[in-house]
Every structure is written in C-alpha cells, then in structure tokens.
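Trainee: For reference, the chains in residue letters:
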Amino acid sequence: MGEYFSNIVMILSKYWQVFLVTGLKNTLVLAAITVFFGAILGVLICLGRMSRFKPLNWVLVAIVEVIRGTPMLLQLYIGYFIVPKILPIAVSDFMAVAVALCINSGCYQSEVFRSGIQAVDRGQTEAARSLGLSRRQTMSRIVLPQAIKNILPALGNEFIMIIKDTSLASTFFVGEIMTSYLLVKGKTYLTMECLMITGAIYFILCFVLSKLLGTFERRLKAHD
Amino acid sequence: MIKTVDLHKSFKIAGQAEPLHVLKGVSEHIKKGEVVSIIGPSGGGKSTFLRCLNMLEIPESGQIFFEGVEITDKKIDINLHRQKMGMVFQHFNVFPHLSVKENITLAPVLTKKKSQAEADEIAMALLERVGLQDKAEEHPGRLSGGQKQRLAIVRALAMEPDVMLFDEPTSALDPEMVGEVLDVIKGLVKSGMTSVIVTHEMGFAKEVSDRVLFMDGGVIAESGTPSDVFNTPQNPRTKEFLSKVLY
Numbered sequence: 000m001g002e003y004f005s006n007i008v009m010i011l012s013k014y015w016q017v018f019l020v021t022g023l024k025n026t027l028v029l030a031a032i033t034v035f036f037g038a039i040l041g042v043l044i045c046l047g048r049m050s051r052f053k054p055l056n057w058v059l060v061a062i063v064e065v066i067r068g069t070p071m072l073l074q075l076y077i078g079y080f081i082v083p084k085i086l087p088i089a090v091s092d093f094m095a096v097a098v099a100l101c102i103n104s105g106c107y108q109s110e111v112f113r114s115g116i117q118a119v120d121r122g123q124t125e126a127a128r129s130l131g132l133s134r135r136q137t138m139s140r141i142v143l144p145q146a147i148k149n150i151l152p153a154l155g156n157e158f159i160m161i162i163k164d165t166s167l168a169s170t171f172f173v174g175e176i177m178t179s180y181l182l183v184k185g186k187t188y189l190t191m192e193c194l195m196i197t198g199a200i201y202f203i204l205c206f207v208l209s210k211l212l213g214t215f216e217r218r219l220k221a222h223d
Numbered sequence: 000m001i002k003t004v005d006l007h008k009s010f011k012i013a014g015q016a017e018p019l020h021v022l023k024g025v026s027e028h029i030k031k032g033e034v035v036s037i038i039g040p041s042g043g044g045k046s047t048f049l050r051c052l053n054m055l056e057i058p059e060s061g062q063i064f065f066e067g068v069e070i071t072d073k074k075i076d077i078n079l080h081r082q083k084m085g086m087v088f089q090h091f092n093v094f095p096h097l098s099v100k101e102n103i104t105l106a107p108v109l110t111k112k113k114s115q116a117e118a119d120e121i122a123m124a125l126l127e128r129v130g131l132q133d134k135a136e137e138h139p140g141r142l143s144g145g146q147k148q149r150l151a152i153v154r155a156l157a158m159e160p161d162v163m164l165f166d167e168p169t170s171a172l173d174p175e176m177v178g179e180v181l182d183v184i185k186g187l188v189k190s191g192m193t194s195v196i197v198t199h200e201m202g203f204a205k206e207v208s209d210r211v212l213f214m215d216g217g218v219i220a221e222s223g224t225p226s227d228v229f230n231t232p233q234n235p236r237t238k239e240f241l242s243k244v245l246y
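As you go down the protein sequences, you meet chains Y and U in turn.
Per numbering that gives the first Met the number 0: the first sequence = residues 0 to 223.
Per numbering that gives the first Met the number 0: the second sequence = residues 0 to 246.
Derived by calculation from the structure, the hints in this document are not laboratory data.
All clues stand as given, with none of them false.
One side of the interface only, derived from the structure: several residues of chain Y facing chain U at Cβ under 8 Å:
#1 Q123
#2 G131
#3 S133
Restraint-style ranges between C-beta atoms, simulated for each label pair:
#4 Y:I88 / U:S60: 53 to 63 Å
#5 Y:N56 / U:E66: 34 to 44 Å
#6 Y:F35 / U:E137: 33 to 43 Å
#7 Y:R135 / U:E137: 26 to 36 Å
#8 U:S26 / Y:F52: 31 to 41 Å
#9 U:G191 / Y:F35: 50 to 60 Å
#10 Y:M49 / U:H28: 32 to 42 Å
#11 Y:I62 / U:H28: 47 to 57 Å
#12 U:S60 / Y:F52: 23 to 33 Å
#13 Y:E216 / U:V4: 46 to 56 Å
#14 U:K83 / Y:F52: 21 to 31 Å
Just so you know, even glycine gets a beta-carbon here, dropped at the ideal spot from N, CA and C.
Based on the provided sequences and hints, a complete structural model is requested.
Mentor: Right, here's the structure in full:
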C-alpha cells in the first residue's frame, strides 16, 4: 500500500503536466465543443421533430434512434474514418472525433429538450395563442422559458456524461486525460497507479460540475 | 358578431376505433353586446364549442364567421382575429414565469398594439379594477385561485377584445373564491362586453345572460331567454338536467 502511494506521488511529480495540462485541457476543450454544438444540434433536431412537416420528423426520429441504438465507440470510429473524407477542409483526428461526439450528444440532448418542452402544460400554449400570439412567439416567450427549468437537471447529467464519454476518444490518441493515462502508463508500466490518478481527475471534474449545476438550479428555482 | 354554421368536431380516442363525435352540427349566432351562457351536462360539447369559436379546436366541417370574416378559412391569419377575442380558462393558465404585470403587458406589446409604457399604464389600471394593484410585481405563484383567475381576465382585457369567451371560469376555484370572480365577470358584462360563458353556475347564468343555450349530445338542444329556459323548459332533456342541478 505504501508502495502504491509513493509511486503515485512519483508519477504526479514527474508527469503532472501530462495529466493536468495537456490531458485536462484537451478533455475540457473536447467536452466544451461537444456540449456547445451538441446543444445547438439538439435544439435544431428538437424543433424539427415538433414541426408540422411530418417527413422531417420521421427522418429525425430515424437518426436519433440509430444514434441511440449503436455504441458510441462505433460512432467515434465511423466519425474518425468518414469525417476527414467528406469535409472539404483538412480535419485533425481531434476534430473528426469531436464531430462524432457532437452528433451523438445532439441526439441525446434533443430528447432532453423535447421532454422538457412537452412537460410544459398545454394550457400555457393555449392561453398564449388565445391572446393572438404566433406559434413562434408562444414558443420563445412562454414555453421555452418554462421548459428550461424542466430541462436543466437532465441537461446537467448529460454534460457530466459527456465529460466521461470523451475518454472513449483516447482510442484515437487525441490527447485528452485518458490518452495521458496511456502515455504515462506506457512509460512507467505502473498501470494501477496511473488509473487511480486518472480516475481521481475525472471524479473531481464531474463532482465539481455537479455541485455547480446544483447551485445554479437552486438559484433558478428561487425565482419562482 | 360570431356566427357558426353546422359545426362538426370529433376526437380520436387512443385505443378506440370510433372517434368521439362531440359536436354534431352546431349553428348559432351571437350578436354584438349579447351575453350568452352555455349550460348542460359534461361531455355535451359546451367547452368544445366555445374553443372552436377562436379556433383553439379546429372543427372538421362547418364555418365560423367572426365580424364578417370566415375564420375557418385556412388562408386567413387567425392570430389577428384571436387578438380581438379574449379567452378565460378553467385552469387560469396564467404565465408562472412572468410577474403579474408582465402577464398582462406581454401580448399587447408583442403584437405591437401598445408600447411598453402604454401597456404598463393599462395593466396598472386593470389591476386596480380587480383589486390586484398591490400584486403587480409578484409572480402568480403567490396568488390564490381567485386572484389568478382575476388576473387571467384582465390579461385578456388588455388586448381590448370585442368579445370574451369564458370556459368554466369558476369550476376550478375553492367555493369561497367563486364570488369574487363572478363579480368581476358581472361588472364586465354590465359594461356591455359581448360574452359567451360556459358555466355550471346556474344562478349566475340566469342573472347575467341575455340568452341561455342548453347543449347536450353535441347539439344545442334548447335556446332562449333565461326565464324561458329555466322556468319553462320545452325540451325533456333540459327539464331533466335542470331538475338535477341546484341553483
């Protein structure tokens, strides 16, 4: 046990930059990109699914079901190989994987948005429409502001999931924390110690985020 | 002011092959300044008929004319016409994320009828009229049911509608709050507002209405002055219904 501990201290003193500078930075950048573009994509998919044009709904349902029904790692592989081929610009491995993550997260987030919007009482829409507001005004001024409060807890979970899911991108050595683990383990052969360090970083990251989101939620609720 | 011609509406019910036929040909003419109450048993089509008048429910067949315009025509902009038809719901449907004042000013400002300053001024005057001026900056979550419904009424009035539609405005209220809401509606009706009121408050219907419609089985089974319908009902179903309710 003492040996483990001294090994961990040794690894941290020697390789802390690999974990906490390169790895952490790349994980945060990858997660931020995924959350941001995933949210945009999620809103678009969600609006498309609520549109009166039914074929659009069917196509989007099919896409969401395929993404939800296949492993994320498989989607990352497909993104890794296909994205550089279809985009006209040069794409790094990092970006190719990021695109796949965004599509995956967009599909999950669209479901979160949709359930949040549907949870707003239909009477709210009826009241707004009866006052002569358009569908768009009703959505943006009445339904969405109320839906956000329903959405936030689930969206917080989704963000935490994304942080953990970015670890799958290490399969392609894109430089996030799990890649740091692979690098340092390859150099030191101290597998368990490296895993402990990596696990601790993920845990602290997710725990802090979860607490922050909790505070944010309580603040929103306080306005009611 | 509002004329309907042979309205039909049915609802599909999950798990049932046959749709439920709620309106079976309703033709009616509501004149300017008239106060019309609609009474009748649950499931008779009262609320559905009322909700068709501003196209919250879209009838399958038949026509609705509002101030001479056919609003069942798909080409018209229904939003413009709804701005002239206020509606009050059984469950109030006040906007919980907005302050009491914002509840009132939102629609007039968004539909560009009023500037924010004008709308604020009107909102305060309306709130004073229903005794809620002290609550202007609060959120509706703090209001009682009766206060919420009074807010919902003035929210509709802020659009300066030509007609008001009331869908069982007191059915979801605690008994001691029914009076305060009915008083507001009475005041409104006395000021000459054309109103259509779906209600289970028979005494109220008898007192304020120019005309009472008795709806049952998806049709208007009887129509007449309050004294005709309440004192000398002709239709056996009206007689039966009135014999069962207290008023």
